[in-house]
Structure formats: structure tokens, C-alpha cells
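Can you make the complete structure from the sequences, with help from the hints?
2 protein chains.
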Amino acid sequence: MEKKRIIILGGGFGGVYTASELLRRSKRFHKANLDVEVILVSEENYITFQPLLPEVVSGAVEQLHVISPIRRTAPGVVLYTRQIEKIDVDNMTVQLSPGRVPRSEVLKYDHLVIALGNQLAHNMVPGMYEHAIPFKYLGDALRLRNHIVQMLEEASVCEDAEERERLLTFVVAGGGFSGVECIAEMDDFLKKAVRSFPRITRNDLRMVLVQSADRILPEMKESLATYADKLLRRRGINIVLEHRLHEVSADRAIILCKENNEQVTIPTRTVVATVPTEPHQVILDTPLERERGRILVSDEMESTSHPGVWSLGDCAAVPSGEGYFSPPTAQYAVRQAVICAENILATLQAKPRKRFKFAGLGKLASLGARCAVAEVLGFTFSGFIAWVMWRAIYVGKMPGLDRKIRVFLDWLKDFFLPRDITQLNVHDEQQVRREHLAAGQTLFHQGDFGDRLYFVAKGKLEIEVDGRVVNTTGEGDVIGEMALLSHKARSATVRAVESTDLVSLPRDAFDSIIQYVPGAAEAMAEIHRKRMQQNADEEASVDDAVQR
Amino acid sequence: MEKKRIIILGGGFGGVYTASELLRRSKRFHKANLDVEVILVSEENYITFQPLLPEVVSGAVEQLHVISPIRRTAPGVVLYTRQIEKIDVDNMTVQLSPGRVPRSEVLKYDHLVIALGNQLAHNMVPGMYEHAIPFKYLGDALRLRNHIVQMLEEASVCEDAEERERLLTFVVAGGGFSGVECIAEMDDFLKKAVRSFPRITRNDLRMVLVQSADRILPEMKESLATYADKLLRRRGINIVLEHRLHEVSADRAIILCKENNEQVTIPTRTVVATVPTEPHQVILDTPLERERGRILVSDEMESTSHPGVWSLGDCAAVPSGEGYFSPPTAQYAVRQAVICAENILATLQAKPRKRFKFAGLGKLASLGARCAVAEVLGFTFSGFIAWVMWRAIYVGKMPGLDRKIRVFLDWLKDFFLPRDITQLNVHDEQQVRREHLAAGQTLFHQGDFGDRLYFVAKGKLEIEVDGRVVNTTGEGDVIGEMALLSHKARSATVRAVESTDLVSLPRDAFDSIIQYVPGAAEAMAEIHRKRMQQNADEEASVDDAVQR
Numbered sequence: 001m002e003k004k005r006i007i008i009l010g011g012g013f014g015g016v017y018t019a020s021e022l023l024r025r026s027k028r029f030h031k032a033n034l035d036v037e038v039i040l041v042s043e044e045n046y047i048t049f050q051p052l053l054p055e056v057v058s059g060a061v062e063q064l065h066v067i068s069p070i071r072r073t074a075p076g077v078v079l080y081t082r083q084i085e086k087i088d089v090d091n092m093t094v095q096l097s098p099g100r101v102p103r104s105e106v107l108k109y110d111h112l113v114i115a116l117g118n119q120l121a122h123n124m125v126p127g128m129y130e131h132a133i134p135f136k137y138l139g140d141a142l143r144l145r146n147h148i149v150q151m152l153e154e155a156s157v158c159e160d161a162e163e164r165e166r167l168l169t170f171v172v173a174g175g176g177f178s179g180v181e182c183i184a185e186m187d188d189f190l191k192k193a194v195r196s197f198p199r200i201t202r203n204d205l206r207m208v209l210v211q212s213a214d215r216i217l218p219e220m221k222e223s224l225a226t227y228a229d230k231l232l233r234r235r236g237i238n239i240v241l242e243h244r245l246h247e248v249s250a251d252r253a254i255i256l257c258k259e260n261n262e263q264v265t266i267p268t269r270t271v272v273a274t275v276p277t278e279p280h281q282v283i284l285d286t287p288l289e290r291e292r293g294r295i296l297v298s299d300e301m302e303s304t305s306h307p308g309v310w311s312l313g314d315c316a317a318v319p320s321g322e323g324y325f326s327p328p329t330a331q332y333a334v335r336q337a338v339i340c341a342e343n344i345l346a347t348l349q350a351k352p353r354k355r356f357k358f359a360g361l362g363k364l365a366s367l368g369a370r371c372a373v374a375e376v377l378g379f380t381f382s383g384f385i386a387w388v389m390w391r392a393i394y395v396g397k398m399p400g401l402d403r404k405i406r407v408f409l410d411w412l413k414d415f416f417l418p419r420d421i422t423q424l425n426v427h428d429e430q431q432v433r434r435e436h437l438a439a440g441q442t443l444f445h446q447g448d449f450g451d452r453l454y455f456v457a458k459g460k461l462e463i464e465v466d467g468r469v470v471n472t473t474g475e476g477d478v479i480g481e482m483a484l485l486s487h488k489a490r491s492a493t494v495r496a497v498e499s500t501d502l503v504s505l506p507r508d509a510f511d512s513i514i515q516y517v518p519g520a521a522e523a524m525a526e527i528h529r530k531r532m533q534q535n536a537d538e539e540a541s542v543d544d545a546v547q548r
Numbered sequence: 001m002e003k004k005r006i007i008i009l010g011g012g013f014g015g016v017y018t019a020s021e022l023l024r025r026s027k028r029f030h031k032a033n034l035d036v037e038v039i040l041v042s043e044e045n046y047i048t049f050q051p052l053l054p055e056v057v058s059g060a061v062e063q064l065h066v067i068s069p070i071r072r073t074a075p076g077v078v079l080y081t082r083q084i085e086k087i088d089v090d091n092m093t094v095q096l097s098p099g100r101v102p103r104s105e106v107l108k109y110d111h112l113v114i115a116l117g118n119q120l121a122h123n124m125v126p127g128m129y130e131h132a133i134p135f136k137y138l139g140d141a142l143r144l145r146n147h148i149v150q151m152l153e154e155a156s157v158c159e160d161a162e163e164r165e166r167l168l169t170f171v172v173a174g175g176g177f178s179g180v181e182c183i184a185e186m187d188d189f190l191k192k193a194v195r196s197f198p199r200i201t202r203n204d205l206r207m208v209l210v211q212s213a214d215r216i217l218p219e220m221k222e223s224l225a226t227y228a229d230k231l232l233r234r235r236g237i238n239i240v241l242e243h244r245l246h247e248v249s250a251d252r253a254i255i256l257c258k259e260n261n262e263q264v265t266i267p268t269r270t271v272v273a274t275v276p277t278e279p280h281q282v283i284l285d286t287p288l289e290r291e292r293g294r295i296l297v298s299d300e301m302e303s304t305s306h307p308g309v310w311s312l313g314d315c316a317a318v319p320s321g322e323g324y325f326s327p328p329t330a331q332y333a334v335r336q337a338v339i340c341a342e343n344i345l346a347t348l349q350a351k352p353r354k355r356f357k358f359a360g361l362g363k364l365a366s367l368g369a370r371c372a373v374a375e376v377l378g379f380t381f382s383g384f385i386a387w388v389m390w391r392a393i394y395v396g397k398m399p400g401l402d403r404k405i406r407v408f409l410d411w412l413k414d415f416f417l418p419r420d421i422t423q424l425n426v427h428d429e430q431q432v433r434r435e436h437l438a439a440g441q442t443l444f445h446q447g448d449f450g451d452r453l454y455f456v457a458k459g460k461l462e463i464e465v466d467g468r469v470v471n472t473t474g475e476g477d478v479i480g481e482m483a484l485l486s487h488k489a490r491s492a493t494v495r496a497v498e499s500t501d502l503v504s505l506p507r508d509a510f511d512s513i514i515q516y517v518p519g520a521a522e523a524m525a526e527i528h529r530k531r532m533q534q535n536a537d538e539e540a541s542v543d544d545a546v547q548r
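Order-wise, the sequence lines are chains A and B.
By UniProt numbering, the letter at position 194 of the first sequence is numbered 194, and the numbering carries on one by one without gaps.
By UniProt numbering, the letter at position 130 of the second sequence is numbered 130, and the numbering carries on one by one without gaps.
Heads up, a few of these hints could be off.
[Claimed, not checked] FRET-style restraints, in silico, Cβ to Cβ: (1) B:F415 x A:G236: 35 to 45 Å; (2) A:S486 x B:Q263: 37 to 47 Å; (3) A:S486 x B:Q349: 28 to 38 Å; (4) A:V469 x B:L401: 56 to 66 Å.
Read the hints as simulated data drawn from the structure, not as lab findings.
This structure is a prediction, so every number in the text was calculated from the model and none was measured.
The C-beta atom is built at its ideal place from N, Cα and C for all residues, glycine as well.
Put into C-alpha cells, the structure is as follows:
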């Protein structure tokens with residue numbers, strides 16, 4: 001019996017449904033002397049049901065109920081929970097990153113399906129990678145939820161009025177589906193959560209939605225967008241149109257007016273980024289023909305340049321049969337998956353293939369607090385009725401009967417139980433991490449607790465002691481080692497003069513390195529010696545003692 | 001009106017119930033010209049209901065349902081979610097670690113309640129801190145659950161029989177309440193989960209419980225312990241008595257026979273540590289009188305050496321009124337909390353105080369799969385009836401009606417829905433981390449993917465190329481930089497000759513440091529140059545090319 005191996009890359013709707021269809025249909029082929037092995041490579045062992053992610057933020061749905069195990073959706077699949085290092089379409093292999101055992105694995109395929117989706121384009125806005133919270137995966141939703149509870153906790157014991165306002169300002173960048181749903185659910189959750197914080201009221205909260213287009217929800221009909229806009233504004237959400245995110249740092253979001261290029265600074269500790277996306281590097285590294293970064297395929301879902309390679313979902317440019325490329329939604333991906341699976345099996349049996357044609361059934365956006373807007377089969381709905389449709393349609397679409405029941409029970413509970421306000425610290429801070437400072441931003445104040453060491457990668461900073469600027473520092477310099485070495489408070493204030501990038505290291509990692517890494521203690525002592533010398537020189541010239 | 005500030009340290013049952021009692025009772029005092037401010041300091045904003053933690057591992061109870069928000073259990077409390085840096089009983093202040101804003105805070109108190117519990121004594125067993133999973137907090141339970149799913153995922157695509165066995169062996173150290181409940185629930189979960197893994201069967205799983213005493217559950221009557229022992233063994237769990245954990249590394253647990261000191265090595269990638277505990281350093285740093293590390297208090301709950309300082313729960317030695325100190329359980333802590341709150345308020349009003357006296361109501365241990373053992377008011381129960389009692393008693397004890405309902409619904413769902421097998425990667429690996437190697441353990445193999453850089457803190461390793469030992473290395477040396485610098489596979493195998501401690505750094509942090517930290521690239525180049533020189537020298541003498 002001939003054995004053919006089909007490898008599918010990506011654990012989203014496109015990939016998992018292709019696997020599931022292939023396995024279901026290939027069962028009949030055992031008689032036809034054809035054995036098909038289906039391998040799926042995904043970073044996670046579950047599929048994320050993105051439409052319900054905003055409800056995880058608000059706590060209306062339990063965390064684990066918006067995900068579904070791939071092994072149950074595609075039973076019989078051989079699942080590798082790994083990252084992909086390289087796709088080699090010439091040698092027909094895929095290289096996977098190492099797992100627990102540090103060996104990379106190279107798998108050969110007969111047919112390859114690429115359904116990797118896309119990723120957030122972090123590097124388009126300075127500071128976005130370092131300080132904005134993305135909103136795409138379950139991990140992001142959990143991180144966001146814990147972050148906003150932390151902001152409430154900090155604000156409840158904060159005596160500094162300016163800092164308190166910053167902690168209670170929440171900015172979402174992007175006014176499309178996910179941005180709108182995200183801010184609506186955040187608003188809903190925050191208003192309920194503050195009831196448990198005696199020192200915070202609803203009026204202390206400030207929600208800001210930033211959208212670059214001239215209206216929110218550009219994917220939907222204008223009347224629905226207007227409805228949503230009015231509703232959100234009535235709830236007190238600030239909607240800033242025709243502005244785009246320009247720079248993000250730990251204490252502010254800077255937005256830019258598209259018309260006159262004027263900058264507006266919003267002091268905040270929370271920036272959620274729902275825009276924009278870009279293709280994965282591993283796809284760009286292949287010689288496959290592309291259309292604006294997406295893999296160009298025929299309406300049979302096969303690569304136009306490399307037969308045997310198939311692609312679908314958000315990473316593929318799939319003709320919809322209606323004169324345009326399919327939009328990047330799950331609705332299209334699951335239908336593409338069926339055609340893709342059928343066509344691969346048809347190819348293996350040398351039978352005729354099918355063509356993809358689909359026009360979309362509708363669009364739905366939840367607005368929180370039992371409101372939504374919907375376009376279904378050409379009709380428009382808004383308010384409570386749209387919200388009931390939204391819930392009914394999405395619970396029906398969730399993969400797996402057990403998830404449908406779990407989500408349904410969650411919604412039931414949400415009617416009569418209070419929202420959860422626990423802050424689960426599951427997201428460890430990266431130790432060696434990048435940080436971005438906007439011009440004028442303070443890195444630390446004289447008298448602060450010294451918790452991190454900084455290396456300046458780019459930019460310029462000034463050093464201020466007792467209100468007087470005594471020095472500047474820049475690329476290649478080390479900042480803040482004195483407080484870590486001496487276990488004392490910061491003896492100077494350091495402020496960015498221009499937009500600055502840093503790499504930082506926390507106290508525990510610093511201590512480990514100083515203690516164990518050969519040469520590190522000597523290098524630090526040398527930096528310290530030079531600093532003291534420099535300070536002494538300056539002291540002589542400015543007649544003032546300077547230490548940091 | 002006179003305002004008195006009471007600070008409570010610790011967010012466990014002792015601390016939170018003291019706060020709640022203080023707030024409830026002090027409401028009447030507004031008339032009596034006495035205003036009480038109650039501040040609670042806790043690392044988390046929730047209280048963990050530990051008896052149900054094992055059920056989080058098995059998925060029978062949702063993660064967030066075993067915790068309850070402190071703000072709802074003690075409404076009106078001023079909560080600081082911070083760590084404690086220092087307790088100064090002479091100046092009557094507490095110093096808190098910095099929050100989002102890097103300033104430490106010093107709070108003055110009139111009365112202080114210390115209810116910090118205890119912590120795992122990591123350093124008693126080599127490798128325990130680095131490689132064992134503790135089992136005390138919710139974060140630990142989540143980490144354990146995701147870890148065991150990851151082991152199944154890895155084993156399902158592992159071709160190496162030895163590695164596969166290691167991945168499917170699960171060791172729990174400690175045969176007391178939490179160890180027994182933990183292994184029972186792990187066993188329950190694993191047996192259900194393997195149904196979704198076509199390549200793994202129940203017989204591939206190996207569960208080992210290691211207990212230093214001559215029986216499990218030493219806290220309970222012998223007949224119940226014997227019952228539990230038989231039941232667990234019948235399920236295929238290996239119980240190893242009179243052995244204690246001696247050393248842990250990433251690929252093994254070494255246990256020691258208490259009688260003849262013989263070592264037994266168990267190849268495994270999962271070691272759960274439920275033993276032993278020690279007091280927090282912040283308590284040891286105070287001049288308070290102590291009894292075996294615990295703060296000695298009178299039966300009125302006040303420190304014997306420092307009036308105005310109170311202590312209760314696991315960190316305190318509280319006379320139970322029955323001639324012994326109270327055991328470290330929540331049952332005692334919540335009753336101590338009531339007396340402690342009453343006595344503080346009595347002291348403020350110069351009224352007579354109460355004495356603590358409690359004998360305990362009973363003990364319960366769940367054995368998974370609808371079995372338990374129980375001692376209640378002198379009677380013993382086992383099997384299904386004990387399990388029903390266990391559930392009824394614990395759901396009744398959970399703080400908050402909404403949690404009771406949530407847990408009850410979870411149990412209901414668990415009867416008819418399949419267990420969740422998603423692996424949620426919420427626990428980021430520390431970048432700069434310590435690692436421990438047992439003698440003979442391989443750090444990496446020639447040909448492996450080079451993902452980390454190592455610094456040797458203590459010990460000795462040998463370097464093997466093509467099956468031949470070519471060199472040894474030890475304290476202060478750097479290992480593995482070649483593969484990171486050249487982006488090639490490891491060109492040698494490195495193995496520990498004796499017990500060895502390392503500090504390691506992953507590729508991404510290494511790249512950041514090389515790129516941004518001044519002098520780092522030069523230091524690496526220098527290490528590299530010396531290594532090449534050394535290799536060339538050896539090559540000349542052994543007439544064999546050696547690189548790593």
C-alpha cells in the first residue's frame with residue numbers, strides 16, 4: 001500500500017479543518033490502496049476561537065472555553081506542537097524547531113498545506129513591540145485582563161494624582177472588529193470591577209479608541225458603524241478618528257492626526273494594539289509566488305508557482321470566485337479547508353478537482369452590555385436582537401459539543417454571578433527585555449528603588465541631580481549599575497532627550513551574572529571606576545558632587 | 001476621632017479572615033470615637049483555596065474557581081498587592097517592595113498582624129529549586145497541568161524509546177495530604193487524557209509517589225492510610241516508602257533509601273515537590289521570639305516578646321489550648337483569625353481579651369475517581385461516602401457564595417463533559433536561569449540544536465567529540481557559545497562528571513546582549529579566540545581535529 005504524507009502548517013481554523021476533512025475523507029481510501037498520513041504542526045495544541053476573545057477579557061467566558069483541543073477536532077492527526085524553522089519547497093521538507101529535546105526535526109512531505117495566518121507588525125510603530133499589548137491569541141487576552149486588574153490595584157493605593165490618571169486611562173489602537181469589541185468588553189468589565197474598589201469610581205476611568213479611518217468598523221455598512229459609534233460614545237468611550245498610533249512607551253501613547261500631522265500625547269499605562277498585520281518571515285523566505293505578501297493560489301487552493309504546495313486562510317491570496325480575493329476571516333478559511341482537502345485527495349487519485357466559490361454570509365460585531373451590530377444575508381440588525389444573533393451564531397460555530405455547552409453555561413452564570421476580579425500573575429516578565437522611551441520621558445527618578453540595569457541601544461538621555469542637569473549619555477552606555485551594586489536608591493534622575501531604545505536587565509539576573517559569569521564583575525568594576533573618575537572630573541569643574 | 005491603623009501581612013486564610021472580622025466588628029465603633037483603618041498586604045489580590053488545587057491539575061474544577069478575590073471576602077480593606085521587604089517592630093513600620101512605580105513604601109502601624117504562612121525549602125535538595133515543580137499556589141497547579149500535557153505532546157511524537165519513558169514517568173515527592181491528593185488527581189487526568197493520544201496507552205504511564213515515612217498520610221489514622229495505600233497501588237501507582245528525594249535534575253530524580261542510604265535513580269522529566277517548608281526570611285530577620293522558626297504567641301495571639309505584634313496561621317506557634325501547638329491548617333487559621341481580631345479591638349478599647357482553644361473537627365483527603373478518606377469528629381469514613389463528604393464540606397467552606405456555585409457547576413459538568421487537554425503556555429521560561437546536572441548527566445549532544453549558553457558555577461564537565469573525551473571544564477568556564485555565535489549545531493557532547501550547577505542564557509537574550517551591551521561582543525570574541533587556540537594546541541598533540 002502506497003503511503004502519502006501530507007503536512008499542514010498552522011493550527012488555526014484553516015489548518016485544523018483541512019486536517020479534519022483529510023482524515024475524515026481518507027478513511028474510505030484504504031480500499032483504494034492509498035494510505036494517507038496527516039501531520040499538523042502548530043505552536044499550541046489548541047485552536048483559538050477568536051470572536052470570543054474579548055469576552056475572556058471581561059470574564060463573561062472562562063479562559064479555557066474559547067480554545068478547543070486540536071486532537072479532538074481532528075482525531076487521528078499526528079500533532080507536532082513546535083515552531084517552524086524553514087520551509088524547503090525544492091526538497092519538499094519542513095524543518096521544525098527543537099522541543100524538550102534540543103534537536104530540530106526535518107520532515108519530508110508529499111503535499112504541503114500552508115495555513116499560518118499572519119502576525120502583528122510590531123516594528124511599524126516605535127515602542128509597540130516593547131510596550132503595547134497585542135490582541136490576537138488567548139495568551140494576549142489573559143495578559144490584558146491581568147494587566148487591567150493590576151492597574152486598578154495600583155490606582156487604589158496611588159497617592160500621586162497624575163500617576164493615578166495614567167493608571168486609569170486605557171487606550172485601544174484600531175477601530176476594526178477586534179478593536180471595537182475589545183474596548184467595549186474592557187469598558188464593561190472595568191465598570192463592574194470598580195464596585196469592589198472603594199477608592200475608585202466609574203468617572204475615574206478613561207477609555208480611548210484610536211482609529212485611522214474616518215469611521216469605526218469600516219468592514220461594515222455605514223449605518224451600523226454610526227450606531228456603534230453613538231452607542232460607545234454614550235457609554236463614555238472617547239473615539240478619536242483620523243488619528244494613528246505614532247509612538248508607545250511605558251507611560252504614554254502618542255497619536256498623530258492624519259490631516260495636519262499634529263501630535264497628541266495620552267498619558268497611559270495600557271495600550272492595546274489590534275493593528276496592523278504582516279506575513280510570517282518563514283513564508284517570505286520561500287520562493288512561492290506572492291500577492292502583497294500572501295501566497296498566491298489558484299481557486300483550487302494550489303500555489304500558482306509550486307504544484308504540491310497548497311495554501312489557505314489569512315496567509316493566502318485565494319480568489320473568491322466573485323472577482324476579489326477572500327477576506328481574512330474564519331468563515332472563508334473553513335470553507336477553503338474543505339475544498340483544499342478534497343483537491344489534495346483528488347490529486348492523489350488523479351481525479352478532477354473542485355473550485356472555491358463563496359460570497360460570505362454576514363458580519364457580526366459585539367458591543368458589550370447585551371448590544372451588537374450584524375449584517376446577515378444582506379439584512380442589518382442592531383442592539384439586543386443583534387446581540388442574541390451574535391451569541392447564537394458563535395456558540396453554534398464553536399468546534400466541539402462540549403465547548404458549546406461550556407460557553408453556554410458561562411453565559412448563563414454571567415447573568416447572576418459577579419465578574420471575577422482576581423489578577424493571575426501568569427505572565428512572567430522577560431528578564432532581558434527591550435524598552436522604548438519617548439522624548440522627555442523619565443527613565444527613573446532620584447530616590448527611586450534601583451530594580452534594573454540599562455544599556456542604551458539608541459538615543460540620548462540627560463542625567464539630573466537635585467534638579468540640575470549634570471551630564472548626558474547615549475548609545476553604548478550603561479545606566480543604573482550603581483544602585484544595583486550598592487543596593488541603594490537611585491542617586492540621579494535620568495530622562496530621555498530624544499526617542500530612545502534600551503535593553504534592560506532586572507536585579508536577580510544582574511546578580512546571577514555578576515556572581516557567575518567570568519569577567520562580568522571586573523567589567524562592571526571598570527565601568528564603575530570610569531564613572532567615578534568622570535564624576536570627580538566634573539565635580540572639579542562644576543564644583544558640585546555628582547554621583548549616580 | 002482617633003484613627004488607628006492595623007496592618008495585616010499575608011493573603012491566606014489567617015490574614016484575610018482577620019481583616020474581614022476586624023472590618024465587620026469595627027463598624028460598631030464609629031460611635032465609640034474609634035476609627036480603624038485595616039490595611040492588608042498580599043502578593044496576590046486573591047485567596048487560594050488549597051484543598052481544591054489538585055482538582056485544578058485534573059481539570060475537574062476551573063482554574064479561577066479555587067481562588068476568591070480578597071476585596072470581596074473582606075470588603076472595605078485597603079489592599080496592597082506587594083511583596084514585603086522589611087518588618088521593623090521597633091519603629092512600628094513595614095517596608096513594601098515597589099509596584100509599577102519603582103518606589104518602595106514605608107507604612108506605619110499601631111497594630112501588626114503577621115500571617116505570612118511558610119514557603120517551600122528549596123535549597124535542602126540539590127536541583128529542587130531548578131527542576132522540581134512546587135505545589136502550593138494556583139500558579140504551581142497551572143504550571144504542573146500544562147507541563148504534564150506538554151509531556152504527553154512530546155511523547156506522542158518521540159521516536160527514542162528511552163526518552164519516551166522518561167517523558168511518561170511522573171514523580172511526586174511527599175506522601176502527606178497534598179502529595180497523595182496531587183498524584184491521585186494527576187493519575188486520574190492522565191488516564192483520561194491519553195484517550196486523545198493515539199500513540200500513547202494507559203500502560204505507558206508510570207506514576208511514582210516517594211514518601212520518607214513508613215506510611216503515606218501520616219496525619220491520619222493508620223487504617224485510613226492503609227486503605228488509601230491499597231487503593232492507589234491497585235490503580236497502578238508506585239508508592240516508595242522510607243525513601244527521600246536526594247537530587248533532582250532535568251532528566252531524573254535520585255531518591256535515597258533511609259535505611260541503607262542506597263540511591264535509586266528514576267529517569268523522569270516531571271518531579272513535583274510537596275515537601276518541606278521553612279519560615280519566610282522576612283520573619284527570621286525580626287527580633288520576635290520564635291519557636292522552631294515560627295513566631296511564638298500567647299493563646300491571645302499576641303507575640304510573647306513584642307506587644308502590639310500579633311501572629312497566626314502557619315507562621316505562628318499558637319498554643320491550641322490542648323497542650324500542643326496548633327497544626328498548620330486553614331481550619332485552625334480561620335478560628336485564630338476571629339480571636340485575633342476580637343483581641344486587637346479589645347486592646348484598643350481596653351476591654352478583656354479572649355483565649356484561643358480549638359481541638360480540630362476532622363481531616364479529609366481526596367483520592368480521585370470518587371474516593372476519599374475522612375476522619376470527622378472521631379469517626380472514620382472511606383470510599384465514595386467519604387468523597388461525597390469531602391466535596392460537601394469543602395464546597396461549604398469556600399469563601400463567597402458565587403465561588404460555591406461555580407465549583408458546584410464545575411463538578412456537575414465534570415460528570416458529562418470530557419476533560420480539557422489544552423496546554424496553555426502561560427509560564428514563560430526565565431531567561432537567565434539556574435540549572436542543575438546530576439553526575440553523569442548529558443548537558444547536550446553533538447549535533448543538537450544550540451539554544452542556550454552556559455556558565456559553570458560549580459562542578460566539572462567532560463567534553464566528548466565523536467565518542468572520545470577530549471577535554472574537561474569547570475567553575476568559571478563558558479560552554480556552548482560556539483553554536484550560538486555560528487548558528488550551527490553543537491560540535492561536541494558535554495556531560496557532567498560530578499554534580500554540577502550552571503547559569504544559562506537563551507539565544508534571544510544572548511543575541512540582545514551581544515548586540516547592545518558594550519564590551520560583550522569583545523569578551524565573547526576573546527573567549528572564542530582562546531578556545532580556538534586551545535583546540536589547535538590539543539589538535540597538535542592528539543592529532544585530531546577538535547572543535548566545539
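So, going through the hints one by one against the coordinates:
Take F415 (chain B) and G236 (chain A): their Cβ atoms lie about 44 Å apart, and the range 35 to 45 Å holds. The hinted range of 37 to 47 Å is satisfied by S486 (chain A) and Q263 (chain B), whose Cβ atoms lie roughly 45 Å apart. A beta carbon spacing of about 47 Å between S486 (chain A) and Q349 (chain B) contradicts the range 28 to 38 Å that was offered as a hint. Hint check: V469 (chain A) to L401 (chain B), Cβ distance near 58 Å, so the stated range 56 to 66 Å holds.
Checked against the numbered hints listed earlier, the structure breaks hint 3 alone; every other hint is satisfied.
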